[in-house]
Amino acid sequence: MDRMPAWADAVLVPLFSIVLAAILSAGVILAIGENPVEAFRLMVDGALMRSSGWGYTLYYTTNFIFTGLCVAVAFHARMFNIGGEGQAMIGGLGVALVCLFIPWPHWSIALVFATLAAGAFGAAWAWIPAYLQAKRGSHIVITTIMFNFIAAAVLNYVLVNVLRPAGAQDPATARFPEAVHLPTFQDMFSTAETAMFRGSPANVTFFIAILACVAVWLLIWRTRLGYEIRAFGHSETAVRYAGISPVRITVLAMLISGGLAGLMAINTTMGEAERLVMNATEGAGFIGIAVALMGRSHPVGVFLAALLFGFLYQGGAELALWTNIPRELITVIQALVILFTGALDNMVRMPLERVFLAFRKEGAR
Amino acid sequence: MTDTPAIELKGISKAFGPVQANKDISIRVMPGTIHGIIGENGAGKSTLMSILYGFYKADAGEVWINGDRKDITDSQAAIAAGIGMVFQHFKLVHNFTVLENVILGAEDGAMLTPSLAKARGVLKTLAEEYELNVDPEALIENLSVGHQQRVEILKALYREADILILDEPTGVLTPAEADHLFRILEGLRREGKTIILITHKLREIMEITDTVSVMRRGEMTATVKTSETSPEELAELMVGRKVLLRVDKQPARPGARVLEIENLRLTDRDGVERLKGISLDVRAGEILGIAGVSGNGQSELLRVLGGYAEATGTIRVNGQKIDLTGRHSDGRSRRARGIAHVPEDRHHEGLILPYTAWENSVFGYHDDPAIQSGPLMNNAAIKAEAAAKMERFDVRPPNPALAARNFSGGNQQKIVLAREIERNPDLLLVGQPTRGVDIGAIEFIHQQILRLRDEGKAILLVSVELDEILSLSDRIAVMFDGQVMGERLPDQTDQTELGLLMAGVTETGGRSPIEAVDAKLQAKDAREAGQNG
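If you read the protein sequences in the order shown, they are chains A and B.
Each residue of the first sequence is one higher than the one before, starting from 1 at the first, in full-length UniProt numbering.
Each residue of the second sequence is one higher than the one before, starting from 1 at the first, in full-length UniProt numbering.
Since the hints were made in silico from the structure, they are not lab data.
Misleading hints may appear alongside valid ones.
Just so you have them, the derived chain A footprint on chain B, three or more residues with Cβ under 8 Å [stated by the list, open to error]: (1) 195 to 206; (2) 258 to 271; (3) 330 to 338; (4) 357 to 367; (5) 371 to 383.
Below, in silico cross-link-like pairs of lysine-lysine (BS3-like), each with a Cα-Cα straight-line distance of 30 Å or less [said to hold, decoys possible]: (6) B:Lys225 to B:Lys242; (7) B:Lys276 to B:Lys321; (8) B:Lys10 to B:Lys276; (9) A:Lys135 to B:Lys276; (10) A:Lys135 to B:Lys57; (11) B:Lys57 to B:Lys10.
Ideal placement from N, C-alpha and C gives every residue a C-beta, glycine not left out.
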């Protein structure tokens, strides 16, 4: 009853949040003596006006879709999976093992199995916190955060002591064989005359990300499991009444969530670096939280939010390249967007809701 | 008696968004009287009282107390104006003593000792004056509900309230406790206090009030002298049409035993034994009513039968034992055995409130192969079926896409009832079927339960409403403190006898019923205090 329409909730609230974040960011840029309008133009120019810029934007978007979906699925079961970062790291390990040790005849077959491995490794990493939450009541937020650190340490150990080629200085695996090279957008969309997406890392994984959006939508709103996950998220007492096992739902939701985070590694490890490096995730697991919050845990919302953050990432890199605005400031801008869309959601929603209700009352008279 | 009303409300209106909760309400309550306000759920009683107590601000209208216009902006202002409120859900700090609760928010100065000493004195006087006996040093968590309510009244009186508002005060009391409460209220009236009693129980209105106001859909439909009206007239004023207060039913034709419970025991996480060897049976084609004050093990019994609490003992359904622990003791397995369950708490158990009506219409039965299409749920079929069910059960509005939380209590209950009954179970468990349900819907729900009985199904009915138990049941079992105190036939017992059983009294031992109940309750309090300590 006392609600604004769904479209306003889904579109207006995030829009207002972004505008507020932009205004504040502009203030910060002004304060360090740069021109915010020029900065914005540069960001748009670098991220959206050239196909290579798009190539980078979509590459980041792909990462954020996976981690955003990861957080979104867990949200539906009312769990806060902060471990996307660690699950993606371990997912990368799965990808590396599949790519390095099996001689694949063709990239497409390799991609199928790398996807399975990435998902399985990510899910396995999420399984332990899930089990501890379901059976022992250890809070999932705490355990998933801790598992990020453990994942980093495990990866470090494996890269330095096991997978590092003899003589190499770098904590990274050997380069993957040429056969598992994934087609980049440049490979796919360039014609003989014009090169598109030149030098940019966006690759076929982007389409897997879109498939994942569809799959998550089907899972959450069309399957029995999704029905149970959402029910569990709304009311644990009610699912007990219905005979749905909270343990089972907790574990399954987290497995799917972790698996989605793991899939991100296909993009970074197989698609871009073509070897497993330390810190391949670059904080995307955490950005996923903001993406899921902003996207209202809906795949379409997650896709759009991931696009926005992809733009911010790529535009931010351009800013650092062409202006005196330090890279740290880009982080500030991103943080402001996260702050407004995630943490300060109600600050925007409540006044907006009041405006809507006031209008409705006028209309009713 | 003077001509100045203790409370006068003039033209109070209040809207929540598009919902007009109170429409131009005017009311005069004379000092030294008990004024009843009766109405269905959602009629606007609680909103009106919340305005009087400063929780909500009225959109329009004036509040006059003892002839002065008051601007009551918050509860502090209400207390200053001499208004005290006893809420339906008590606002007590459970690990504080009675004294500490009484002075909470009314302490004088930084140190507690002087306030406590003062309060102790005041409480002693009040106890003598009004039969408000409570041990001032007892912890709230060790008190029975009836005693906790007395603490709420004491809190108001300690703040020198002349006007006392009680919101559904008897919902949690045994009949004997309710009688005691009414004696307290009569004592207060004698001392010139003004009392507003909000209730939906006609019997209470007839028993104790001097005047009564009826509310319907945000409006005050009538204010009459209690002596000049009848329950039938009040019910009609409440609902807006004639209402059958009695349930018409055919005699039961009990068949084979469907449910057999033997020596059922349950100990909760805190080590308190909640079920102490329950043995009951229910036959096909009969309704077994379980009477009792809430919190005496009925909820646990329903949970065990529904499959979401573990217990020891034996339960047979249609002669076959069912698992009481382990993997095969859950709601799913129970449904597979033909047990349907309308739970006591539809908000937290029976429904997922943010889910639409159609999503709720299969909750618990969502595994049914008939509603799957491949790996997905066949949402179109579920929606169509839900729409048909809502039609049959007269759910209003009949819109399956509406979220459950947007339906009224009665219509929510019909959604649950439709889901459980239409599965054609052998045994139906029903907990508090009409709690928070408007009178119109109560009639319908009772008819549906009886219809299922007449189709030869076994029904276990748990209710704290004695009227409901008496009118629906074919046999009545009374629970107290995790035990069955006895079984009675509805036409061979009455409220008084059941009330005594509900308080754990099987024989009065020469004392008056109320003394006996008090003694028994105090013994129970002491025992529980021992267990907790």
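Taking the hints in turn, this is what the structure says about them:
1. Residues of the region 195 to 206 of chain B lying with their CB closer than 8 Å to a CB of chain A number 0, which falls below the three-residue condition for coverage.
2. Proximity of the region 258 to 271 of chain B to chain A, defined as three or more residues with a beta carbon under 8 Å from a beta carbon of that chain, is not established by the 0 residues found.
3. With 6 residues bearing a CB less than 8 Å from a CB of chain A, the region 330 to 338 of chain B meets the requirement of three and the coverage assertion stands.
4. Counting residues of the region 357 to 367 of chain B whose beta carbon lies closer than 8 Å to any beta carbon of chain A gives 5, which reaches the threshold of three, so the coverage claim holds.
5. Proximity of the region 371 to 383 of chain B to chain A, defined as three or more residues with a beta carbon under 8 Å from a beta carbon of that chain, is established by the 5 residues found.
6. For the suggested pair Lys225 of chain B and Lys242 of chain B, the alpha carbons sit about 20 Å apart, so the restraint of at most 30 Å is met.
7. A distance of roughly 20 Å separates the Cα atoms of Lys276 of chain B and Lys321 of chain B; the hinted pair therefore holds under the 30 Å criterion.
8. The straight-line distance between the Cα atoms of Lys10 of chain B and Lys276 of chain B is roughly 54 Å, outside the 30 Å bound, and the hint therefore fails.
9. Distance restraint check for Lys135 of chain A and Lys276 of chain B: the Cα-Cα separation of roughly 29 Å lies within the 30 Å cut-off, and the hinted pair is therefore satisfied.
10. For the hint linking Lys135 of chain A to Lys57 of chain B, the alpha-carbon distance of about 47 Å lies beyond 30 Å, and the restraint is violated.
11. About 14 Å separates the Cα atoms of Lys57 of chain B and Lys10 of chain B, which keeps this hinted pair within 30 Å; it holds.
Hint compliance for this structure: hints 1, 2, 8, 10 are not met, and every other hint is.
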